[in-house]
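Student: Residue numbers (this note's numbering), protein chains in the order written: chain G, 5 to 119; chain S, 567 to 816; chain Z, 5 to 395.
None of these hints come from the bench; they were simulated from the model. Heads up, some of the hints might be wrong.
Computed cross-link-like contacts, DMTMM-like style, restricted to lysine to aspartate or glutamate with a CA-CA straight-line distance of at most 25 Å [stated by the list, open to error]:
{"hint": "1", "chain 1": "G", "residue 1": "55", "chain 2": "Z", "residue 2": "123"}
{"hint": "2", "chain 1": "G", "residue 1": "91", "chain 2": "Z", "residue 2": "209"}
{"hint": "3", "chain 1": "S", "residue 1": "729", "chain 2": "G", "residue 2": "62"}
{"hint": "4", "chain 1": "S", "residue 1": "588", "chain 2": "Z", "residue 2": "196"}
{"hint": "5", "chain 1": "G", "residue 1": "91", "chain 2": "Z", "residue 2": "157"}
{"hint": "6", "chain 1": "G", "residue 1": "55", "chain 2": "G", "residue 2": "95"}
{"hint": "7", "chain 1": "G", "residue 1": "29", "chain 2": "G", "residue 2": "13"}
{"hint": "8", "chain 1": "G", "residue 1": "55", "chain 2": "Z", "residue 2": "196"}
{"hint": "9", "chain 1": "G", "residue 1": "40", "chain 2": "Z", "residue 2": "157"}
{"hint": "10", "chain 1": "G", "residue 1": "55", "chain 2": "Z", "residue 2": "264"}
{"hint": "11", "chain 1": "Z", "residue 1": "320", "chain 2": "Z", "residue 2": "370"}
{"hint": "12", "chain 1": "G", "residue 1": "55", "chain 2": "S", "residue 2": "728"}
{"hint": "13", "chain 1": "G", "residue 1": "29", "chain 2": "Z", "residue 2": "157"}
{"hint": "14", "chain 1": "G", "residue 1": "91", "chain 2": "S", "residue 2": "755"}
{"hint": "15", "chain 1": "G", "residue 1": "46", "chain 2": "Z", "residue 2": "260"}
{"hint": "16", "chain 1": "S", "residue 1": "729", "chain 2": "G", "residue 2": "74"}
{"hint": "17", "chain 1": "Z", "residue 1": "235", "chain 2": "Z", "residue 2": "44"}
{"hint": "18", "chain 1": "G", "residue 1": "29", "chain 2": "Z", "residue 2": "264"}
{"hint": "19", "chain 1": "G", "residue 1": "91", "chain 2": "Z", "residue 2": "163"}
{"hint": "20", "chain 1": "G", "residue 1": "55", "chain 2": "Z", "residue 2": "157"}
{"hint": "21", "chain 1": "G", "residue 1": "55", "chain 2": "S", "residue 2": "748"}
{"hint": "22", "chain 1": "G", "residue 1": "91", "chain 2": "G", "residue 2": "74"}
{"hint": "23", "chain 1": "G", "residue 1": "91", "chain 2": "Z", "residue 2": "260"}
{"hint": "24", "chain 1": "G", "residue 1": "55", "chain 2": "S", "residue 2": "724"}
{"hint": "25", "chain 1": "S", "residue 1": "771", "chain 2": "Z", "residue 2": "192"}
{"hint": "26", "chain 1": "G", "residue 1": "49", "chain 2": "Z", "residue 2": "209"}
{"hint": "27", "chain 1": "Z", "residue 1": "311", "chain 2": "G", "residue 2": "95"}
{"hint": "28", "chain 1": "S", "residue 1": "588", "chain 2": "S", "residue 2": "604"}
{"hint": "29", "chain 1": "G", "residue 1": "55", "chain 2": "Z", "residue 2": "126"}
{"hint": "30", "chain 1": "G", "residue 1": "55", "chain 2": "Z", "residue 2": "273"}
{"hint": "31", "chain 1": "G", "residue 1": "55", "chain 2": "Z", "residue 2": "163"}
{"hint": "32", "chain 1": "Z", "residue 1": "372", "chain 2": "Z", "residue 2": "231"}
{"hint": "33", "chain 1": "S", "residue 1": "588", "chain 2": "S", "residue 2": "755"}
{"hint": "34", "chain 1": "G", "residue 1": "40", "chain 2": "G", "residue 2": "8"}
Keep in mind that this is a model prediction, so the values were computed, not measured.
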Amino acid sequence: MARDIYAYECTECGTLHYPFRMRCKNCGELEPFQFKTVALPKRGKLLTFTKVYNLPAEYEVATLGLGIVELENGIRVTGQVELDDPKIGMDVVGVVDIVRQETYDSFWGFIFRAA
Amino acid sequence: MSVDLEKILRPVDHPMTPFPAKYMTLASGEEMVIRQVDRDEIPDILQYVEPLVHVERDFYDVVAARLYSEILAYSRSRYQDQYVLVAQVDGEIAAVVNGRQVTPKLGMSLHTVALRRGLRIGAHAFATKMEYHMDVLGHDEVLIVAESPIGFRRWMIEYQLEKRFDTPHELGGVPSWSLTRELFDRARDTLVVGRRPVPDELLAKARAGILPPSDPPTPPADLLAATRSMYDSTGTALMSQRWQQEVDNA
Amino acid sequence: MRDVYVAGIGITSFTRLEYPLAEIAAFPSMLAMQDSGLTDIEQVYVANMGGPRVNHQTALASAVVDSLSLTPAGAAAIENGPASGSAAIKEGFLAVASGMHDIVLVTGAERMREVNNLEATDFIATLTHPLAEYIYGVTLPSHAAMFTRLYMEQYGVTERHLAMVSVKNQNNAMLNEFAHLHQPITIEGILDSPEAMTNNPYIAEPLRFFDACPVSDGGAAVILVSEKVAKSIDRPLIKLAGIGQATDSHAVHERENPTDLLAVRRAAELSFGMAGLEPSDVDVAELHDAFTILEIAESEEVGFFPKGEGHIALEKGETALDGRLPINPSGGLKGKGHPVGATGVGQAHEIVHQLRGEAGERQVADAKVGFTCNFGGFGNNVICLTFVRED
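Sequences are here, hints too, so could you generate the full structure?
Tutor: Put into structure tokens, the structure is as follows:
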């Protein structure tokens, strides 16, 4: 099953947010939870990236790629990147997979690879 | 019947190619020499290792106690096929590493102790030890364990060591990890540094004598130690004494 | 609003301190009381970020006020991430400015070395967005690294500029007896020698080991008083003339231009505006260089240099101890250390020290106006303070 990461669309003004917030940053509507979930697109451009060497204790890998990606609809997300030769502005495509494991808990998020 | 007991007790070392000394520039801009020492120089090193036995932090105590016994045994010919390398900055002792040859194709890493911190001296010394096993002695793999979390993190994860859990390591009988030639070749470019030959003057300075460390790790305040004492069960005197150092600073 | 003055200061070494957290907060408070001669403290604010999580100590302020035998004075702890220190100073300022109190003690303390480096890094990483950042393994070094990559691309900052910041600050720290790192480093050793890349490995590309601050324990304290009290004691008159605070999006990726630190820009504008001063009036500054790139970026955002030109000023030596505008004479977070909750108070301590002319070998000549920038989160909660020597 293909998984998605969701953005939150304000039902008043249509502004998209990611991650979730309590109040729309555009129209400021005060009725809580006035958002509908919208699956984020998977394709986008790599905005910036790093390869991290000092990881939190539960990671048992030597390095981890991280990046910020601007998706096709203009929403930006932070995610892991698995790229041999990352370049600012390159096209990437994301999958939703396990990005962190704490004992028995798994966390799912974006992993981006070359498009 | 006369038997020379010493002949029985003293192991015969297998031939091992000596480690060719090298030097490198540290982050501080200072030059550090790493060279092999023989039995004669071990007593000079022992006196600087001994205080670390009392440093109950980051497993300095365990590592120093074991290193002390290993190199003492080496100097008194009670340890087979061991080698000891020492790192010196301006003559001053900066790190000690040791290991041994198990077979002509298998090495075993023993200990790495840095006496100066913050300049990645321990990392340099450990990499040098691996270089000795792989490039000089021609071992195919080196068995490694770590006592401290810092060591484990650095060696097991940075070098991506392989598990050899069916082989107990001589240090504590715990499961071994292995640095294979393939892993070493991958790590070589980023981790193994140094230049040869060492300029005569630098080498002469290092050989002239192993000088004491200027800023060795010191024992932490053992707050509970005071509570165990007969005269100061609340630890108050010890605490005040420690804070006095800060008062002197201010 | 009443004017507010700094009457007393105190600090511990920033290093590994093996005392209970409450004592790390109380010790510099004692020094600040000695310094000012004031003991009638009416209110205590204790800045700390990790007590409950790292040290199993909650309600820290209650412990500190009692340890100092200041009960029944009011006391509260302030947690605001790495900007806790300046946030507590702001609260102390408001308490005096409002007329509610005349003498307020603000102390900051952190004891992070109780846990190992990995746990300390993870503890700081909990300030990132839990669902959109933290789960990916995002840490503060990784935020700083992604930021640095863009800065290099857009403004021509290089690894050499970053190394220049670390050498400058670590060498300044050599002159500071309270600093964590008393270890000189050279460009040769961390950038140019054949061994440099191993001496100074990547922690998060393009940031290297010597681009990051150490993990420190430490405490610092200031006593804030009304004008009347300040003039009744025999200490130089240092006025806390401006405070600005601003926030930005929690998730870094939500910012319109990822190389802008808008909260820094706004906090500085508010602080200067309140003090009635301009960035060009500043004689000495302590900026939050948890990573070398931040000193460069903040020096632009607070208005010392045009955007994209901070590294050029650095190259010219303008920010060196003997430059036109010395930045981080104390060694900064990079050299002096970064006990997170105490850092903002530590910055204020250094500036007061400088404005009083008591900074010894690292004294900036004739310093009359000092400035601090305390950077919380990854730029999402920033407080800037402006201090002026009046007499």
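Student: Hint by hint, say whether it matches the structure.
Tutor: Hint check:
no.	hint	result
1	G:55 x Z:123	holds, 20 Å
2	G:91 x Z:209	holds, 13 Å
3	S:729 x G:62	holds, 19 Å
4	S:588 x Z:196	holds, 18 Å
5	G:91 x Z:157	holds, 11 Å
6	G:55 x G:95	holds, 18 Å
7	G:29 x G:13	holds, 11 Å
8	G:55 x Z:196	holds, 22 Å
9	G:40 x Z:157	violated, 37 Å
10	G:55 x Z:264	holds, 22 Å
11	Z:320 x Z:370	holds, 21 Å
12	G:55 x S:728	holds, 23 Å
13	G:29 x Z:157	violated, 30 Å
14	G:91 x S:755	holds, 23 Å
15	G:46 x Z:260	holds, 20 Å
16	S:729 x G:74	violated, 40 Å
17	Z:235 x Z:44	holds, 16 Å
18	G:29 x Z:264	holds, 19 Å
19	G:91 x Z:163	holds, 18 Å
20	G:55 x Z:157	holds, 17 Å
21	G:55 x S:748	holds, 23 Å
22	G:91 x G:74	holds, 14 Å
23	G:91 x Z:260	holds, 20 Å
24	G:55 x S:724	holds, 14 Å
25	S:771 x Z:192	holds, 22 Å
26	G:49 x Z:209	holds, 19 Å
27	Z:311 x G:95	violated, 29 Å
28	S:588 x S:604	holds, 16 Å
29	G:55 x Z:126	holds, 17 Å
30	G:55 x Z:273	violated, 35 Å
31	G:55 x Z:163	holds, 16 Å
32	Z:372 x Z:231	holds, 18 Å
33	S:588 x S:755	holds, 16 Å
34	G:40 x G:8	holds, 14 Å
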